[in-house]
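Participant: Listed in order, the protein sequences are those of chains F and S.
Using the numbering used here, you'd call the opening residue of the first sequence number 1 and step up by one each time.
Using the numbering used here, you'd call the opening residue of the second sequence number 1 and step up by one each time.
Hints are supplied without guarantee of correctness; some may be wrong.
[To be verified] Cross-link-like lysine to any residue pairs, in silico, SDA-like; alpha carbons within 20 Å at most:
| no. | chain 1 | residue 1 | chain 2 | residue 2 |
| --- | --- | --- | --- | --- |
| 1 | F | K40 | F | R60 |
| 2 | S | K199 | F | L55 |
| 3 | S | K193 | S | E406 |
| 4 | S | K199 | F | R60 |
Everything labelled a hint here was simulated from the structure, so no lab data went into it.
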Amino acid sequence: MKLVTAVIKPHKWEDVREALETFGVTGMTVSEVSGYGRQKGHTEVYRGAEYDIALVPKIRIEIVVDDADVEDVVGIVVKTAQTGRIGDGKVWVTPVETVIRVRTGDKDEAAL
Amino acid sequence: MDYGLQAWMLMSASLVLLMTTPGLALFYGGMSRSKSVLNMMMMSFSALGVIGVVYVLWGWSMSYGTEDVALLFNNPFETFGLDGISGAGYMGVAFQLTFAVITAALISGAIADRVKFSAWMVFLPIWVTLSYFPLAHMVWGGGFLSGAENGLADLIFSGDGGAEVAPIDYAGGTVVHINAGIAGLVLAILIGKRLGFGKEPMKPHNLTLTMIGAGLLWFGWFGFNVGSWVPGDMSAEENAQYWIDETSLVWLNTTVATCAAVLGWLLVEKIRDGKATSLGAASGIVAGLVAITPACGALSPVGAIILGAVAGALCALAVGLKHRFGYDDSLDVVGVHLVGGLVGTIGIGFLATSGGLFYGDGLKQLVVQVVVALFAMIWSAVATLIVGLLIKAVMGWRVSEEDEVEGIDFAEHGESAYDLTPGTGARRTQSVLAGSTTAEPKPTAPASEGANA
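Could you build the full structure based on these sequences and the hints that come with them?
Facilitator: So this is what it looks like as structure tokens:
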């Protein structure tokens, strides 16, 4: 199993969720996060004083998937979250040792 | 006094109260950081508490009465505790009380995020006693800055039994705004900058609060300006007509000057920064209201538009001065209230339909307005410096560096304004009210701290 983590632009989140649902992904964890990459932040002006706002709001999606589905899921996220402009985000994959469904005690693939 | 007029005065006093709580508290609270919004709002609410009491005890007596001392203030013991005031006389006290409250509350914006609540509570009664009550007496109580004999204006252009040209301050350009603006400047310099000023972003945490506050201030200002009418020495019927004519003009001037000030502020922003901001609109509202305050009875509506536009534009430029000179007037009390107050007070010399330079009436009114404004600035600066240094020496102004960084709301009030992540580590401990004599209530960290840990 693998954990797919994606940090994407907030306005792309609905598209990504829809595409993943169509593919058959049944659940995910979503959080509102802030951070910055190469694009850095942006500037805001209050009463003439300019502030560099380093952190940009993003959506982080976390999905645990079967090894066989990793390529597809990553592909879907990258394709749907892409605008081609700076600040589109990142997707990374990490191995997962074990997964347990709290309600039933099912383990690993059965728990996905 | 006429029934209708009495009803309007009660309404006006209530409207001015609305300006401080919650108007000003929201206006300032939204501009402060989320870790200090409660303290910021408490500075307004506590000003109401302290000065409301002080005003009844000796505030009214120091401002108005028959026992003048050197034209600077009235004997504070003449009507101490309102002894000798009764019936309709309470109305004037009520109205003027609300003015003293908001003037002191205005200062708090200059020293946001960093002042001990106890120091502020001590500052309030001493400052109004040394600065506000004397200036109210000088300007409105027949003192040194009125048209009285041997007053400042009389010393410049002496007339028959008083000044040839009386200073004009309808509702508080000098007493309220120049006074609060200078006090803010002196305290901001004396107390010093917030930690990280000029380096860390200190942007407003909730501009919707600020815009609600600005709207409430505008609404309350109708009490402030339109309630400031003073009956003339004439018959009741003539006074009634005078009242109708004057309040109509004052309401309209208050409104259109403010409209123009919003436009003036936004125009400067659009040209200078590229975008017109909501904070600019809220600030423009206050700048316009401040400027028209002394002038609302002396200008034509077109004159009010000109004054408001100038005030909006100049204040928009003036709020940048603190960065150039390096003092931390956190929420721009100087840039808005001092500059706006000066624009209004001096603008009268140009734009007054009777006495103004632009109306062919020469320079005398202008000279009187400038000199009176300067005197008010000096008085306020000296009075504030005395109180400020006294408090600095005896108890100190600032909270500890750690408390300031962690947030003054929790340090000074034991609260946090927002619980945005409920259920993250906040547990109820032994209630103080439960009556247990053995279990000491444990200090509880605010929920947000638990979330960050």
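Participant: Against each hint, give a clear statement of whether it holds in the structure.
Facilitator: Results for each hint:
no., hint, result
1, F/K40 / F/R60, "holds, 18 Å"
2, S/K199 / F/L55, "holds, 16 Å"
3, S/K193 / S/E406, "holds, 16 Å"
4, S/K199 / F/R60, "violated, 30 Å"
Violated hints amount to a single one, hint 4; each of the other numbered hints is respected by the structure.
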